[in-house]
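Produce the entire structure from the sequences given, and follow the hints as far as they go.
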Amino acid sequence: MAIHIGFVSTRFTGADGVTMEAGKWSDILKEAGHECFWWGGEVHRDPSHAMVVSEAHFLHPENQKIQAKAFGREMRSHELTQRIHDYRAVLKEKLVDFLQTFDIQLLIVENALASPMHIPLALALTELIAERKIPTIAHHHEFYWEQSRCAVNCVQDFLYMAFPPVLPTIQHVVISSAAHEALAHRRGVSSIIIPNVLDFEHPPQPNAEKANRLRGMIGLDFEGKLIVQPTRIIRRKGIEHAVEITAALKDMGYQLLITHQAGEGDADYAAWLQAQAQEHGVSLYFLGTHVVDPWVEVKSPENPITLWDIYPHAELITYPSLYEGFGNAFLEAIYFRKPLVVNRYATFVRDIEPLGFDLLIMDGYVSRRLIAKIREVLQFAERREAMVEHNYALAKSHFSYEVLRRRLNFLLMNFFGLGV
Numbered sequence: 081m082a083i084h085i086g087f088v089s090t091r092f093t094g095a096d097g098v099t100m101e102a103g104k105w106s107d108i109l110k111e112a113g114h115e116c117f118w119w120g121g122e123v124h125r126d127p128s129h130a131m132v133v134s135e136a137h138f139l140h141p142e143n144q145k146i147q148a149k150a151f152g153r154e155m156r157s158h159e160l161t162q163r164i165h166d167y168r169a170v171l172k173e174k175l176v177d178f179l180q181t182f183d184i185q186l187l188i189v190e191n192a193l194a195s196p197m198h199i200p201l202a203l204a205l206t207e208l209i210a211e212r213k214i215p216t217i218a219h220h221h222e223f224y225w226e227q228s229r230c231a232v233n234c235v236q237d238f239l240y241m242a243f244p245p246v247l248p249t250i251q252h253v254v255i256s257s258a259a260h261e262a263l264a265h266r267r268g269v270s271s272i273i274i275p276n277v278l279d280f281e282h283p284p285q286p287n288a289e290k291a292n293r294l295r296g297m298i299g300l301d302f303e304g305k306l307i308v309q310p311t312r313i314i315r316r317k318g319i320e321h322a323v324e325i326t327a328a329l330k331d332m333g334y335q336l337l338i339t340h341q342a343g344e345g346d347a348d349y350a351a352w353l354q355a356q357a358q359e360h361g362v363s364l365y366f367l368g369t370h371v372v373d374p375w376v377e378v379k380s381p382e383n384p385i386t387l388w389d390i391y392p393h394a395e396l397i398t399y400p401s402l403y404e405g406f407g408n409a410f411l412e413a414i415y416f417r418k419p420l421v422v423n424r425y426a427t428f429v430r431d432i433e434p435l436g437f438d439l440l441i442m443d444g445y446v447s448r449r450l451i452a453k454i455r456e457v458l459q460f461a462e463r464r465e466a467m468v469e470h471n472y473a474l475a476k477s478h479f480s481y482e483v484l485r486r487r488l489n490f491l492l493m494n495f496f497g498l499g500v
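Per my numbering, the sequence shown starts with residue 81, numbered consecutively.
Hints in this document: simulated from the structure, not taken from any laboratory.
One thing to keep in mind: the hints can contain errors.
As the list claims (entries may be wrong) - Keeping only pairs whose Cα atoms sit at most 20 Å apart, straight-line, the calculated SDA-like set for lysine to any residue is: (1) 213 <-> 84; (2) 453 <-> 331; (3) 149 <-> 237; (4) 172 <-> 144; (5) 145 <-> 134; (6) 330 <-> 289; (7) 476 <-> 494; (8) 149 <-> 236; (9) 290 <-> 386; (10) 476 <-> 464; (11) 104 <-> 389; (12) 104 <-> 127; (13) 172 <-> 233; (14) 476 <-> 282; (15) 104 <-> 426; (16) 172 <-> 155; (17) 305 <-> 292; (18) 476 <-> 431; (19) 476 <-> 107; (20) 213 <-> 236; (21) 330 <-> 358; (22) 104 <-> 487; (23) 174 <-> 210; (24) 213 <-> 161; (25) 453 <-> 335; (26) 290 <-> 128; (27) 305 <-> 287; (28) 476 <-> 275; (29) 174 <-> 128; (30) 305 <-> 461.
As the list claims (entries may be wrong) - The calculated label-pair distances, taken between Cβ atoms and stated as ranges, are: (31) 289 <-> 486: 54 to 62 Å; (32) 403 <-> 448: 19 to 27 Å; (33) 466 <-> 386: 22 to 30 Å.
We treat Cβ as the ideally placed atom computed from N, Cα and C, and that holds for glycine.
Written as structure tokens, this is what we have:
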């Protein structure tokens, strides 16, 4: 029995974790014969299976005004309350249109019921799910209580109501054991853990033509050796450690590439990183173009760069994050069989490190011992080959599409008595 499944979020575009995991889920669901449809403020999916609602985007001007007044203060005006409810009503009507237009039988809500980037959207979803009792999988990537910006707010009633809502037709999915426990403790809600995954049954197939074009784009010669930091430029990514590592290896000719652009709020951090690189004599490249989701279905005329075009260039991947909900770049480095420097962020320590991966681990700072280990891996091919093959086999056991397939099958069985 094939069903119509509707993915809902503020956007499905770019190379953020929410968009990419949604693409992987849809791969598995379509493979099983189900049809997937998309609703959001920006959607790079087949237009015949998508509904774009500009008001759903977290960057919509009206939503940004609400965000500015909702956080950082404890008193809420009647005007703000009314504004939120008016916006909720608009979005609810458009969600109803989505359900009816595509005959949606199951909703998969991607992070919109966890992170309060768009309060009216979460309220609209909560009301709709409660009224229609539509089967819903709420896929939570990052809860509001994990975000410092939400600590002071005037919308606690809305946060408790919709982030996430506690309703009988919602099954909750989290990406780490810490999130699983926090959700149970704070809301009394049970959940299933589905980690981020990749298709380890099918190794990547690099595109040589795009590889050549990419090197030309960033002005790197074909002999240049790259360390790649495959993340957005935000403070919690700890990119200054990647600069420090590259500086320690510059005698070996290594240069640093940061794949993603900085948002407006992190422009100062990007400038500071550039200054740090210059001070340490590091050749630092910013890709300077929009990196798209490898699962994107709507290609732009410029034939954009995806992460899958970048990884083959790397001699080493740096991932010195201070905090991650799970850590897509961790899996991607292993998928492309690259040695990886990783900081011991909390989810890594609890859910990944005990599995026995062979990694270049830092514990909050770059030590001489770490640099010595990195040099060893980069200089000795046999050591490097053993490391990446061991990691690939281990990730195939724990973070493959087969893991996702089994757990989605369980969720669908709960709703419909059928599986994927």
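Hints, one by one, checked against the model:
With a CA separation close to 16 Å, the supplied pair residue 213 and residue 84 stays within the 20 Å bound. Annotation: proposed proximity of residue 453 to residue 331 holds, straight-line Cα distance about 16 Å (limit 20 Å). With a CA separation close to 15 Å, the supplied pair residue 149 and residue 237 stays within the 20 Å bound. Between the alpha carbons of residue 172 and residue 144 the distance comes to roughly 19 Å, so the proposed pair stays at or under 20 Å and holds.
Taking the CA atoms of residue 145 and residue 134, the gap is about 15 Å. The hint holds against a cut of 20 Å. Between residue 330 and residue 289 the alpha-carbon distance is near 28 Å, which puts this suggested pair outside the 20 Å criterion. Annotation: proposed proximity of residue 476 to residue 494 is violated, straight-line Cα distance about 26 Å (limit 20 Å). Straight-line distance between C-alpha atoms of residue 149 and residue 236 comes to about 13 Å, which keeps the hinted pair within the 20 Å bound.
A C-alpha spacing of about 10 Å is found between residue 290 and residue 386, which places the hinted pair at or below 20 Å, so the restraint holds. Note on residue 476 and residue 464: the hinted pairing holds, with a Cα-Cα distance of about 18 Å set against a maximum of 20 Å. Using a Cα cut-off of 20 Å, the hinted pair residue 104 and residue 389 holds, with the two alpha carbons roughly 18 Å apart. Distance restraint check for residue 104 and residue 127: the Cα-Cα separation of roughly 19 Å lies within the 20 Å cut-off, and the hinted pair is therefore satisfied.
Of the pairs offered as hints, the one joining residue 172 and residue 233 is violated, with about 24 Å between alpha carbons and a cut-off of 20 Å exceeded. Taken as a hint, the residue 476 and residue 282 pair is honoured in the structure, with Cα atoms around 10 Å apart against an allowance of 20 Å. Note on residue 104 and residue 426: the hinted pairing is violated, with a Cα-Cα distance of about 24 Å set against a maximum of 20 Å. Distance check on the hinted pair: residue 172 and residue 155 sit about 26 Å apart at the alpha-carbon level, beyond 20 Å; violated.
Taken as a hint, the residue 305 and residue 292 pair is honoured in the structure, with Cα atoms around 14 Å apart against an allowance of 20 Å. Restraint check for residue 476 and residue 431: satisfied, since their Cα atoms lie roughly 15 Å apart, inside the 20 Å limit. At most 20 Å may separate the alpha-carbon atoms for a hinted pair to count; residue 476 and residue 107 meet this at roughly 17 Å. Note on residue 213 and residue 236: the hinted pairing is violated, with a Cα-Cα distance of about 25 Å set against a maximum of 20 Å.
Distance check on the hinted pair: residue 330 and residue 358 sit about 12 Å apart at the alpha-carbon level, within 20 Å; holds. The straight-line distance between the Cα atoms of residue 104 and residue 487 is roughly 13 Å, inside the 20 Å bound, and the hint therefore holds. The hinted pair formed by residue 174 and residue 210 meets the criterion: a straight-line CA distance of about 16 Å does not exceed 20 Å. Of the supplied pair hints, the one linking residue 213 and residue 161 is violated, its CA atoms being roughly 26 Å apart against a limit of 20 Å.
Distance check on the hinted pair: residue 453 and residue 335 sit about 18 Å apart at the alpha-carbon level, within 20 Å; holds. The suggested pairing of residue 290 with residue 128 is violated, with an alpha-carbon distance near 28 Å, which exceeds 20 Å. For the given pair, residue 305 sits about 18 Å from residue 287 by alpha-carbon distance, which is consistent with the 20 Å threshold. Among the hinted pairs, residue 476 with residue 275 is consistent with the structure: their alpha-carbon atoms are about 13 Å apart, no more than 20 Å.
For the hint linking residue 174 to residue 128, the alpha-carbon distance of about 17 Å falls within 20 Å, and the restraint holds. Under the criterion of a C-alpha separation no larger than 20 Å, the hint pairing residue 305 with residue 461 is consistent with the structure, at around 15 Å. For residue 289 paired with residue 486, a C-beta distance near 37 Å fails the hint of 54 to 62 Å. At about 25 Å, the CB distance of residue 403 to residue 448 agrees with the hint of 19 to 27 Å.
Checked against the hint of 22 to 30 Å, the pair residue 466 and residue 386 passes, with Cβ atoms roughly 29 Å apart.
Hints 6, 7, 13, 15, 16, 20, 24, 26, 31 from the list above are not met by this structure, while the remaining hints are.
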